[in-house]
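Peer 1: Taking the hints into account, I'd like the entire structure generated from these sequences.
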Amino acid sequence: MTSYQLGILVILSFNIIAAYAVYLPLAAGQLNLGIAGFMAIGAYAAAYLTNEFDWSVAFAIPTGGLLAGLIALIVAVPVLRTHGIYLALATFALGQLIAAVFLNVEAVGAAAGYPVSTYVGAPWVIAAAVVIVLVVFLISRTRFALYLTAVKSDVVVADLLGLNVRGLQVAGFTIGAVIAGIGGGFYAHHFSFVEAQHFSVLLSVYTALYVLLGGTQTVWGPLVGAAFFTLLPELLRTSSQWRYAAFAALIILIMAARPQGLVTANLFHRFRRRAGDAS
Amino acid sequence: MLAQQIVNGSMLGSIYVLVAVAFTIAIGILNFLNFSIPGLFMLGGMVSWAMLAAGWHWSAAIITALCAAAAVALLVERLSYRLMAEGDPEIPLVSSLGFLVLLENLVLIRFGSDQQSFPALIPDFNIRAAGLVIGGAQLVSLLVAVALVAGLSVFLKATSTGRRIRAIAESRETATVLGVNVSRLIPQVFVFSAVFTAMGGILFAMNYQQASPFMGEVVGFKGVAAMIIGGMGSIWGAILGGMIIGLAEVLSIHFLGANMVNITVYGLLLVILIIRPQGLLGASLTREKL
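Chains A and B supply the protein sequences, listed in that same order. Following the numbering used here, the numbering of the first sequence begins with 1 at its first residue and continues without gaps. Following the numbering used here, the numbering of the second sequence begins with 280 at its first residue and continues without gaps.
These aren't lab readings, by the way, just hints derived from the structure by calculation. Treat the hints with care, as some may be off.
[Stated by the list, open to error] Cβ-Cβ distance ranges computed for the label pairs, FRET-style:
hint, chain 1, residue 1, chain 2, residue 2, range
1, B, A399, A, F137, 54 to 62 Å
2, B, V433, A, N164, 43 to 51 Å
3, B, Q489, A, S3, 38 to 46 Å
4, A, P233, B, I342, 30 to 38 Å
5, B, Q284, A, S3, 19 to 27 Å
6, A, I8, B, I554, 43 to 51 Å
7, B, E452, A, G121, 53 to 61 Å
8, B, E452, A, F137, 35 to 43 Å
9, B, V550, A, L134, 50 to 58 Å
10, A, L253, B, H533, 44 to 52 Å
11, A, D154, B, K436, 30 to 38 Å
12, B, T455, A, N266, 22 to 30 Å
These numbers were taken from a predicted model, which means no experiment stands behind them. Every residue gets a Cβ at the ideal spot worked out from N, C-alpha and C, and that includes glycine.
Peer 2: Laid out in structure tokens, this is it:
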């Protein structure tokens, strides 16, 4: 494998991690437009622990993830009082705010950025993405995922059926933030540098794009969306100037053709039925 | 000195007002968070700049820019909004964001990523009153913004088209039953929204005498913030929110330094959302899907 291909694979891994961080709250019907903020918390926290306290990466990155989750838990309670579009925009504001705060903290280099001394190689990043995908797939087999879907489909009915709607929403939001924080920690240690400017609102919004383009009905959607978003611009590389324009035009056309995303639950039913016919 | 900052803040605020009104029309009437709006803002600035650079008269340049934005808005309506009536409510958001990326990159391909210097359209006159300096461009943008928003408000209140539009905002089904031609009115709403945004872009370029392919993002997202603070769907809320954001930005630069702007603006937004999710002037929350 050339280093170029490896580089793409690493970026794909980061995008997949981020996509699942957005997917989990979205599975409960909450669009988190501030995922970059939670990545920033994980990245800075993990980097600070390895840099200043000589923590091993194996502890620092999960700690960063947990810290992102903790902050998500604290803010989830007031933020999840808002619904729908208000919630999406509250998380949007939160993401902007977190990035702006890190931009001003001198202890982690403020606007100049924060170099990270420990390095984590590409295989570990890819392994982390694989583990996260497996974990989310496992979660999708549990009743918890079913409850999340119930909350997404109809909050009132879910409530009437006795589900703890608020608790499920907070859980989806928090687990998503933990995944984002872990992704951020790997990001900091792989690229050996963090700067607040990287965790911009566009990063959050693009990640939400992967998930929505891939489809939110099944657990495959984010994977397909992230892969599509990462690999397609590379395939279009031959016309470097036009590739993002062509790419954006494709997004518009794909969404027009498949408003539910690339991978839908229906698609799976069709596949299964066909497989059933064949046997 | 503080009074001077307040003058500058209201000028900046008036641009946010235009963008916030564009967002608020899209949300209030169409229930559509239209992320192509920052792109239309940029298109206003860049197209008018390109026409001026080509030697056109300023009025022709501005009209061309507004028409270009309106044309793109109609495309967004066609390709993002109309096709997605049945899909998840998040979908038009994604697709309209595609338009933002597309517009930015098309302009980038055509003109490059440099900051372009926008000619001073308004002869450099300053009004001095009680130690305050009010720039000509500042005054003009404030007046244009006020005139546009007031015009829109009167239009929605007093004309029959305006009443029909408000009927759609109230309930699309009822409006259809009552004989409102929804599919003809909605493109008009998109055009309104585009003209407001593009005018904001032109005024922004005029005030700061610069335009770039990325000028829409920062201002556009502050426009969203302004809309939420004021209350989604409320035009007066958008005005209030735009002014608050403009003043908060200028005052936090003045007192706290340039790095604190985002903390102040988005912190304010978050606090308001938590205390009063419907915004300062918004109606009480209806449970929307998105």
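Peer 1: Should the hint that E452/B and G121/A are 53 to 61 Å apart at their CB atoms be regarded as holding?
Peer 2: Cβ of E452/B to Cβ of G121/A: about 58 Å, so the range 53 to 61 Å holds.
Peer 1: With 43 to 51 Å as the target window, see if I8/A and I554/B comply at their CB atoms.
Peer 2: At roughly 45 Å between Cβ atoms, I554/B and I8/A fall inside 43 to 51 Å, so the hint holds.
Peer 1: In this structure, is the beta-carbon distance linking D154/A and K436/B contained in 30 to 38 Å?
Peer 2: holds, 37 Å
Peer 1: The hint says 44 to 52 Å between L253/A and H533/B; measuring C-beta to C-beta, is that right?
Peer 2: holds, 47 Å
Peer 1: Is it true that the C-beta distance of V433/B to N164/A lies inside 43 to 51 Å, as the hint says?
Peer 2: Hint holds: Cβ distance 49 Å, inside 43 to 51 Å.
Peer 1: Is it true that Q284/B and S3/A lie within 19 to 27 Å of each other by Cβ?
Peer 2: violated, 52 Å
Peer 1: Against the range 38 to 46 Å, how does the distance between the Cβ atoms of Q489/B and S3/A compare: consistent or not?
Peer 2: holds, 39 Å
Peer 1: Indicate whether the distance between the beta carbons of T455/B and N266/A respects the range 22 to 30 Å.
Peer 2: holds, 29 Å
Peer 1: Could you say whether the range 50 to 58 Å given as a hint is met by the Cβ separation of V550/B and L134/A?
Peer 2: violated, 39 Å
Peer 1: Between A399/B and F137/A, is the Cβ distance one that fits in 54 to 62 Å?
Peer 2: Once the Cβ atoms are compared, 60 Å apart, the range 54 to 62 Å for F137/A and A399/B holds.
Peer 1: Given the hint of 35 to 43 Å, is the C-beta distance from E452/B to F137/A inside that range or not?
Peer 2: holds, 41 Å
Peer 1: Quick one: are P233/A and I342/B within 30 to 38 Å, going by C-beta?
Peer 2: Cβ of P233/A to Cβ of I342/B: about 36 Å, so the range 30 to 38 Å holds.
In terms of the numbered hints stated before, the structure departs from hints 5 and 9, listed from lowest to highest.
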